[in-house]
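Protein chains: 2
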Amino acid sequence: MKEYISKYKDTRKKILSYEYFLWLYEWDYATEAPKESNQYSENQFEILYEEAYKLESDEKYIEAIEKLYENIDQLEDEDFKVEIKRVHKGLRMIKKVPKDEYLAYGLLLQQAMPVWVEAKTKNDFSIYAPTLKKIIDANRKLVKYLETDDLKGYDVLLDMYEDGFGIKEYDEFFSVIKEELVPFVLEVTKRKKQKFSRKLTKGKFPVAQQEAFSKYLMEVFEYDQNRAVLKESEHPFTSGVSSFDTRITTHYYEDNLQSSIFSTIHEMGHAIYELQNDLKYEDTFLHGGTSLGIHESQSRMFENMIGRSFAFWERHYPKLVELFPKQLKDTSYVDFYHYINQSKKSLIRIEADELTYSLHVLVRYELEKLMINGKIKVEDLPKKWNSLMTKYVGKRPTNDAEGILQDVHWAHGSIGYFPTYALGSAYAAQIYESMNQDFNVEVAVKNNDIARINAWLKEHVHKYGMSKTPKEILLIATNKPFDPTYYINYLKKKFNQ
Amino acid sequence: MKEYISKYKDTRKKILSYEYFLWLYEWDYATEAPKESNQYSENQFEILYEEAYKLESDEKYIEAIEKLYENIDQLEDEDFKVEIKRVHKGLRMIKKVPKDEYLAYGLLLQQAMPVWVEAKTKNDFSIYAPTLKKIIDANRKLVKYLETDDLKGYDVLLDMYEDGFGIKEYDEFFSVIKEELVPFVLEVTKRKKQKFSRKLTKGKFPVAQQEAFSKYLMEVFEYDQNRAVLKESEHPFTSGVSSFDTRITTHYYEDNLQSSIFSTIHEMGHAIYELQNDLKYEDTFLHGGTSLGIHESQSRMFENMIGRSFAFWERHYPKLVELFPKQLKDTSYVDFYHYINQSKKSLIRIEADELTYSLHVLVRYELEKLMINGKIKVEDLPKKWNSLMTKYVGKRPTNDAEGILQDVHWAHGSIGYFPTYALGSAYAAQIYESMNQDFNVEVAVKNNDIARINAWLKEHVHKYGMSKTPKEILLIATNKPFDPTYYINYLKKKFNQ
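Each protein sequence line maps, in turn, to chains A and B. Anchor point for the first sequence: position 112 equals 112 in my numbering, and the numbering is continuous, going up by one each time. Anchor point for the second sequence: position 230 equals 230 in my numbering, and the numbering is continuous, going up by one each time.
For reference, chain A alone in the conformation it holds in the complex (with noise of 0.2 Å):
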């Protein structure tokens, strides 16, 4: 055991260290290499990029992990065996796909980003579609490559991005938005809308004043500055490698003053995850987020219950009137919390608004199923999406574009990715009520004692980085399985205000 132990941990420690630099360039690439620069980086993460797969597939390593996976009892540490036993699920690809497969898959993603940007750009699903089909035959043929006694069709990629969720789990879920969710949509959507100043929502927001905001941010989350890094992208993302290093992007709109407020808010709670896991992952392949639902359930609980709280902006809004004294000159702080917290029915997801947002959730989890069952042509695609908004969301898109064309998802190969985006917010609304029965979490907003909340969520949830499963992670943190009702209560309760 001792030589495959060793084996295992001297190819690890290099893995992790190329991951590192392939980590670097991609931030680089997203955040600040010159334009043209990828016409000599490009080749350079490439070789990189192959000498961490030899690694990754070197058959002593393989070798290593499937003996240390075989006598897993005989490990002494219960981290360690978690470890051994998530890499040696990872070993799937590797092992079932052919290379050949798994190398022309790699390729596709590759050149289907562009064909998906012309087809968005031109409204016209025609040309995305012969693609697009290719993407959804290579998963199928992936997930016959992967099945298992347990995981059959679509359940094999749902459980890659969240274990232990399936359709089974899934449809759960689902009834009960569908049940509680959408008559409750139509409800509050039908209301009489609120009036704002037209300073608000035709004002201009200079960028260095956002900015500004978005650093007062950082210190009232007590982002720690030593180990983070705000800086400006087209789509805010978060990208951490270690405790000690976080980074995220928000993006400043000079005409839409919460944007960067919110994708501000919403990073933090991912980079805060990965900044408080236990510093014992650092060097090994636990450091992280659990899930990608998990994962979400942070970046929402910030976003939407905290950072949309009343009690948020009844302690914040001075400040965001000290650096726009002119645009917020007639709007209260509660004029504000209304604004941010309308609720309408939108076509784009990433536009829509918390009581929404899961319905456009829904929509994708439904073809999805169809796709990777074959029970639908990619031609038809399209108007099933458009039936299925309307049907869920009340809004029927008048083209592709604001229709099927409008996520990049599919086209980077991530079927069965998108649910996890409900289920993060979901999670959500059950960890913060179990942190509420420990504290008041709104008292502490109030307070600014945002240190509080941190604390909470780093011994219930994000110390244990990997090593816990999200089925695990609920547990710890609420003392119960998961459980949607939390969810559709804070909704209620939010927004029959």
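Treat the hints with care, since some could be wrong.
Covered stretches of chain B, going by a simulated chain A footprint (3 or more residues, C-beta under 8 Å) [unchecked claim]: (1) 4-16; (2) 30-40.
Computed list of lysine-lysine pairs in PhoX-like fashion (alpha-carbon distance at most 20 Å, straight line) [as the list claims (entries may be wrong)]: (3) K13(B) to K54(A); (4) K193(A) to K493(A); (5) K54(A) to K54(B); (6) K95(A) to K7(A); (7) K54(B) to K14(A).
To be clear, the hints were calculated from the coordinates, so they are not data collected in a lab. All C-beta atoms in this analysis are idealised placements derived from N, C-alpha and C, irrespective of residue type, glycine included.
Position chain B against the provided structure of chain A, taking the given hints into account.
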């Protein structure tokens, strides 16, 4: 030969990739990485660094280089011959220096930095002396390993930084400096000083406007935005990896308008040199500047001969006034020109003006000669420094922080580097004069036609990358061997006006 060529090129490809990532790390580290991130990233760096070293010291790779070098006449491509010669020369370190001594030296340098910082901060040379002694001793040993029939002693080190320049060449150069420049400086610095508006000398210049002017300068110098990054760092520097990716930094001081301006222009001189390399050198070891001296000639020409010229400010001063209308209200471009071209005796090299700069370098050159020849004890260095400063610059340091402790170079192990700074200015004057024979450079500057200057430099200097030696570049660009008279004449003309 074929197999050696392919072994060489295969390994080169990987080394270039690793170098790219190590470069990206350094850039990120100096400009963006969070303060504590090194607690994770240093490990990752070390691992990739070791992998790169393994590649460079791979026996088969070294064998390929040696075989190609032995049979260099059989190689058809002239550039490839030059590359093999350069790489073969670079092998000396790996072949002649015992590995443990080489690694121990690396470790010594790693430890030296914080020691130097502490000594400088505490203004106490005795803290630094034992470390400096070790560095000097290690360099003297290094010299012994690397000596050849043609290169002995200090020449071994000088040659590393400037091919073809040893004690003989530098002694000749500096004797002209001593004879012509030292008395001239004495004369100039005795003259009555012009008084400038307090708004200019004591004014506040907000960073945002300085940033705007730096961006304006990038346009003026036609520094291609699609291949450039401009950022801020503690000490300005240029860091390029490809003609498609050149990056510079500057530093903004609210109470000093000229610092960021001339840093930006200086670094653009370096960056445009590499940006204008022939693209055929991209994936070879011939991309970059051929030597430190030639590199510095480009940055100094931009900074001093163009950036501090009368014509330049006649043209661009209105833009500066537009950004700083209050601060520059009473100051004309003529005043400003004189303000940025003042000359005075100073103690700190990096704050020295154009006229006195090379005298600071002379002090270091004479000290290094003594150090490497074993003609001076470490404890006597501060005294010698001070007496040389008095002799050449005409001003005596009152403590070691403003004396021998001011520069980081020796703590980096860079002995033999300083002289290239002075050489660069002298090269610049000679190259400028040659360009001026082809077209009136001042008129081009006044007409804001920097494109013409860049095109000339590309054709006569930049495009060659590292495929020519400094001496060859000078012959190509000026049709003459190196002649410091151009430099002296340029300075006399400018500072006699």
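Hint by hint, here is what the structure shows:
no., hint, verdict
1, 4-16, "holds (count 3)"
2, 30-40, "holds (count 9)"
3, K13(B) to K54(A), "holds (16 Å)"
4, K193(A) to K493(A), "holds (18 Å)"
5, K54(A) to K54(B), "holds (17 Å)"
6, K95(A) to K7(A), "holds (19 Å)"
7, K54(B) to K14(A), "holds (14 Å)"
Every hint, counting from the list given before, is met by this structure.
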